[in-house]
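A.B. asks: This is what each chain is made of:
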Amino acid sequence: MIGIRQVKRLDWPVVITLVALVVFGWPFMKSASYRSGPDGQGYYTSSPQKQVIWIVVGAVLALVLLIPSYRALSEVSLILYLGGLAALVIVMLYGHAVHGAKSWIKFPFDVQLQPSEFVKITTVIALARYLSVENKAKRMGNVLSALAIAAVPLVMIAAQPDLGTALMLVPATIAMILVAGARLKHLGLLAAAAVVFLPVAWLGLNPTQRSRITTWLRQGRKLTQAERVGQFHHLIQSKVAIGSGRWSGKGLGKGTQNKLNYLGFRNTDFVFAVICEEAGFLGANVIIVLYLVLAGAGLSIARSCREPVGRLIAVGVVTLFVAQGFVNIAMTVGLLPIVGVTLPFVSYGGSSTLSSFAGAALLLNVGLRRPKITFSREELSDIVGNYRR
Amino acid sequence: MHKRRIAVLFGTMVAAFLAVEGRLFYLQIVRGEHYADYADRQRVALVPLNVARARILTSDGAVLAEDKLAFDIAVVIGKLDPATERRIRNPLRRLFYVGRTQKLHRIEEASWKVRAEGDKVFVEGFSRLEVEVRDGHGRPRLDIVDRRTGEFLLPDHLIRSLGRLAVLTGEPRDELLKKVLGAAFDVARLRIPVFSAVAVIKGVGYETVAAVDTRPDEFRGFGVRTRSERVAPNGALAPHSVGYLSKFNESDVRAAMKKYRGWPGRSYFMNLRIGRAGIEKAMDDVLRGEFGMECIERDHLNRRQGVLADAPAKAGRDVALTIDSRLQRIVEQALNDVTGAAVFIDVRTGHILAIASSPKFDPSRFRQDYPTLAADPDQPLWNRAVRGRLPLGSVFKIVTALAALEADRVPTASDCDGTFRFGRRTFRCHRRYGHGRLELTDAIKYSCNVFFWRTALRAGEGAVIDMARRLGFGRKTGVRIPREYGGKLPLTASGGELLNLAIGQGGLQVTPLQAAQMVAAVANDGVLMPVKLIGDLRPFDTDGPAATALPDDRKPRDLGLSKRSLDAVRLGLYKVINEYGGTGYRAFQDFDRPFKVCGKTSTAERTASRDGRVVQDNVGWFVGYAPHEKPRVGFAVAVEHLSGSQGGGSTAAPIARQVLEAIPLDLVGLEPPKQGGQE
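First to last, the sequence lines map onto chains A and B. Residue numbers for the first sequence follow this note's numbering, beginning at 95 and rising by one. Residue numbers for the second sequence follow this note's numbering, beginning at 809 and rising by one.
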């Protein structure tokens, strides 16, 4: 059980960073929940309140997930993994589509969850378990097996079609294989294979996804009016929102791109653009710095963890967060094509919030129970005391 | 080893975020101003505020032209279907988007055919249809046709709404559908915004307005739009003076764009109205006022969110004419059956009391009637009173007489045997055997040509031409009616030319207004008052007193005519009507009003070619004033297209009599003027 000692051993930098992200992000998410109406009769959606509930639920879930050791979780990783796949199958059969992606399951009380968000976590645990065996990653065959473990849910999610969420598994998998000790030669081979595979991947994309990519490649060119209000709309409006924020922003709740509905999906996928518009370059940097601190603190947990499973779980979870944060921000500023991924801990969304908190709990779990390499005096006396008892 | 790899991983993350950082710096700091401008441009809209065009009134307050609200039924393509509204951002699919759950109307069942050719949409009869509008890449633009079956799909409710509208207004349903589709095509080609209202039926009655307004569910996508319409509440009174309006044309738009530096834009100016003729044209700026503007904030669907700033529109000022509506009505009635013009002037002030040209037109039906009006050989749009190019004929003898009198070269008495030899030519008087021995007043009474030929020769060309010029011939009167004709007065007239001029023939051309101005000067003791049509400017839409007089740099001119000359001419003009044998005697026989009329008839010869033959196309005149003792009203009546047997005395004079028999006595100074407006 968790006692005062465990609380003291909690990785506070990670906790504080996450709390800061949530606290800094929520007001902008609320501001982004405004919907303008005719004659200035706008209204707020209920998402800010709902998000508070999700955060509370997420925090409780995180506390619950701190109770069993991450090792215990990794023991049942196969069950978790298969459970995740089963959920994806259920979605495939009985799912509910939002914006064309059939990735939701409806629950009573108007609750909808996106199993793919949780599958990301279970896949990371499964991969960590698989790669944690000594020298496993040294052999190309095993690396390919690891890729296959990730590929199954990836393909299933991509088929929903929710390519954005699916692709979030890629950086996490690569990072885990890297840290697991794969040979650079193998990684190079894989990179080469990926390059060769790219055209094939293009064929596998549906027209919407292709237009996202062509739009991204064509940005900055001269556009027709139809294009401006058509496929370029989100990208242009996002860039206008971000750019018009300038140094310090227009002030919370005063973003015109936000309040006048010019920016779409702004309390979920484009919440970063709202932050940029209303808090400016400085506000945007708060988010970026928090993400980098999260990356640093999270990876230092991995670094100091002697046990491969814990280390890999930490690497996988941190990479999930940071990569998703990066992709979300990069797409709003036009550095990457627009894919529908949220900004973890900031965007509105139940599944995204819950899975983010679950991931955070895993990371803290590892931090809490990592076998330390060096011990402080108190810790030593602790261990000795335990031994004596 | 894993520590190094974790470090590499961390380094990768930092590098990725640094890239984002650089991009943010570029967007927010380097290009910040550009994007801030972009954001403002798309959220702020300047909306012009219109104001009704001011009225044109008569001096007694009757309204000749005013703006009235007209109601149109308009369709908003973006509101035809709720699904459309939601999908508005995708131009390729936003039209007539029909969701799967919605009941479809198959146009084949209704047996219509819709054909699109380029910009236009045709609805034609009763077989299969083809609609195809493609964008630049050859992709179909409209989702109104099922591309597999070729069936034409329209929301069921649209067909029902159109049916209801057809019943309410009596417009054929096919025509309405055609207009709706036309609007849809315009939206598809991004010509007009998807939420703009396009008029489908113009000028509907209150019943239709009430139906559409109160039952929006039955007319989804349709609404009532108001529009200003120029109407003449007193019927077609003085249409030539009032003039008419039309939309801005290309050059008006260009001028306005320059004047207002492009704001509020071409499409706004293209819907403005501008005076094209008459006072509407002359006083266009005064009547129109200045549009205001409102700076509004709008959301992504162009919905108004609030007003950031505004500058209210400035109303124009009502223009009150000098016309008396009672007299104007009488004059127009009298002129009804002829081609001609009449002008009545207050001789003391130069105010035009009535000015009419016939045939006339109805300004309220101008748009519908225009093709007929423009094709009519009698040119109903032509304002003969100020633009007619007419020979004056014998009325000019007044001028000749005054010229000779002032030069003291009038023959005391002269014999007329019907012929006059000049050089090797013989001129004939209109009375074959001559008028016998005559002095001036009787020469005017009988309109003896021989007498005035002699008189003119004695007075000399200079005196005659100079007198004509002093009496206002050969130049514009300066009344503010656009495109006034200044007439023609020869600079020199030697020999035979002088003889022609003496009796108002030859190179002389006048307008009825000039003739009236001349006789008014004679009646006003030789003081020529500049004729005026515009009385004053009044505050918009109030019946209050006159606010400002219109500045006028024309001054009354005392012509310096001696009383003796004026008396002699006036006596002649009196005899024309009031003595047996005068050329106007018959027309005014048994004239039963408490005043006597003076005047001069004339039958000016003119030829015209009709079907290749040269025919007589004479102009009959009656020019004079009343009452005899204390002149108040000067007038000129001209009638065109006389046949050979007709003359001024038998055509123009009866018209003048008809008017003078009905003229309100306060206008001739025999009753105190009425206070306040008539209407």
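Keep in mind that the hints are not guaranteed to be accurate.
[As the list claims (entries may be wrong)] Here are some chain A residues pointing at chain B (derived, C-beta under 8 Å):
no. : residue
1   : Y137
2   : Y138
3   : L187
4   : A191
5   : S338
6   : R340
7   : I423
[To be verified] Here are the simulated DSSO-like pairs of lysine-lysine, each with C-alpha atoms no more than 30 Å apart in a straight line:
no. : chain 1 : residue 1 : chain 2 : residue 2
8   : B       : K986      : A       : K230
9   : B       : K876      : A       : K232
10  : B       : K1066     : B       : K1296
11  : A       : K279      : B       : K811
12  : B       : K876      : A       : K316
13  : A       : K102      : B       : K1066
Keep in mind the hints are simulated off the structure, nothing from the lab. Glycine included, every Cβ here is placed at the ideal spot set by N, Cα and C.
A.B. asks: Now tell me if each hint is right for this structure.
C.D. replies: Hints, verified against the model:
1. Y137: 13 Å, violated
2. Y138: Nearest chain B Cβ about 15 Å off; hint violated.
3. L187: 21 Å, violated
4. A191: Since chain B brings no Cβ nearer than about 13 Å to A:A191, farther than 8 Å, the hint is violated.
5. S338: Holds, because the Cβ-Cβ distance from A:S338 to chain B comes to roughly 4 Å (cut-off 8 Å).
6. R340: 4 Å, holds
7. I423: 5 Å, holds
8. B:K986 with A:K230: 73 Å, violated
9. B:K876 with A:K232: Judged against 30 Å, a Cα distance of about 89 Å means the pair is violated.
10. B:K1066 with B:K1296: Given pair B:K1066, B:K1296 is violated - Cα atoms ~38 Å apart, limit 30 Å.
11. A:K279 with B:K811: Holds, at roughly 19 Å.
12. B:K876 with A:K316: 46 Å, violated
13. A:K102 with B:K1066: Distance of about 75 Å is beyond 30 Å: violated.
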